[in-house]
Amino acid sequence: MDDVLTGGDSLEEVRELQIELIRFLARAGMELHKWRTNAANLRSNISEEKKYSFSCSSITKALVILWDHLTGCFSFKVLPNLQNTKRDVLSNISRIFDPLGLLGPVITVAKIFLQRLWKLKIDWNDSLPEREAEEWERFLNSLHSINQLCIPRHVLCEFPEKLEVHGFADASERAYGAVVYLKSSAGERNCVRLLCSKSRVAPLKSISVPKLE
Numbered sequence: 000m001d002d003v004l005t006g007g008d009s010l011e012e013v014r015e016l017q018i019e020l021i022r023f024l025a026r027a028g029m030e031l032h033k034w035r036t037n038a039a040n041l042r043s044n045i046s047e048e049k050k051y052s053f054s055c056s057s058i059t060k061a062l063v064i065l066w067d068h069l070t071g072c073f074s075f076k077v078l079p080n081l082q083n084t085k086r087d088v089l090s091n092i093s094r095i096f097d098p099l100g101l102l103g104p105v106i107t108v109a110k111i112f113l114q115r116l117w118k119l120k121i122d123w124n125d126s127l128p129e130r131e132a133e134e135w136e137r138f139l140n141s142l143h144s145i146n147q148l149c150i151p152r153h154v155l156c157e158f159p160e161k162l163e164v165h166g167f168a169d170a171s172e173r174a175y176g177a178v179v180y181l182k183s184s185a186g187e188r189n190c191v192r193l194l195c196s197k198s199r200v201a202p203l204k205s206i207s208v209p210k211l212e
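Per numbering that gives the first Met the number 0, the sequence shown starts with residue 0, numbered consecutively.
Some clues are possibly wrong.
[Claimed, not checked] Below, a list of computed lysine-lysine pairs in the DSSO-like style, where the Cα atoms sit at most 30 Å apart:
#1 K85 - K118
#2 K118 - K210
#3 K197 - K110
These aren't lab readings, by the way, just hints derived from the structure by calculation.
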């Protein structure tokens, strides 16, 4: 792990956190660099006092997810391989790196499709049958919409007074999964954000839906 993704509710809190991180890692002979922040004052102070590297682009990678520190949004950039062998199907699925599960429904559909190819006993380098090839092409064409997503990194409402964590799980004959949401409240204002999710394709061996749940 070489990325640290954190923040604070005020400039003072972030500055204190920065000092603590620098001091803590310095004990192991490690120096933090390439800082990114949406606070202009903190950004200018870091550049002048610590001479850490800053890119002209507002977009950087955080845990392989694209993060725009000016808009505060996560985004994805998917460039699918348009070949249609089983090997290419697996390669395309592997390209969608989503550690938080923000794209869980998309990846699950792709994994269900790959499982069907296993059932058809298609070799790695064989072209897909016509029906599967058409379905896979439609899926790849739909991936371009992922590049338009803008997912807010900040998950709390302003000055939250109450926090609630809500978890849900469900299963079907083809897949099962769980999801966690965070609800923050301040007076009559409520904000609900997706925190993370995890999904799995149901095993080839038949298992009842209640057992998968």
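Structure-based check of all given hints:
no., hint, in the structure
1, K85 - K118, "holds (12 Å)"
2, K118 - K210, "holds (22 Å)"
3, K197 - K110, "holds (13 Å)"
The structure shown violates none of the earlier numbered hints.
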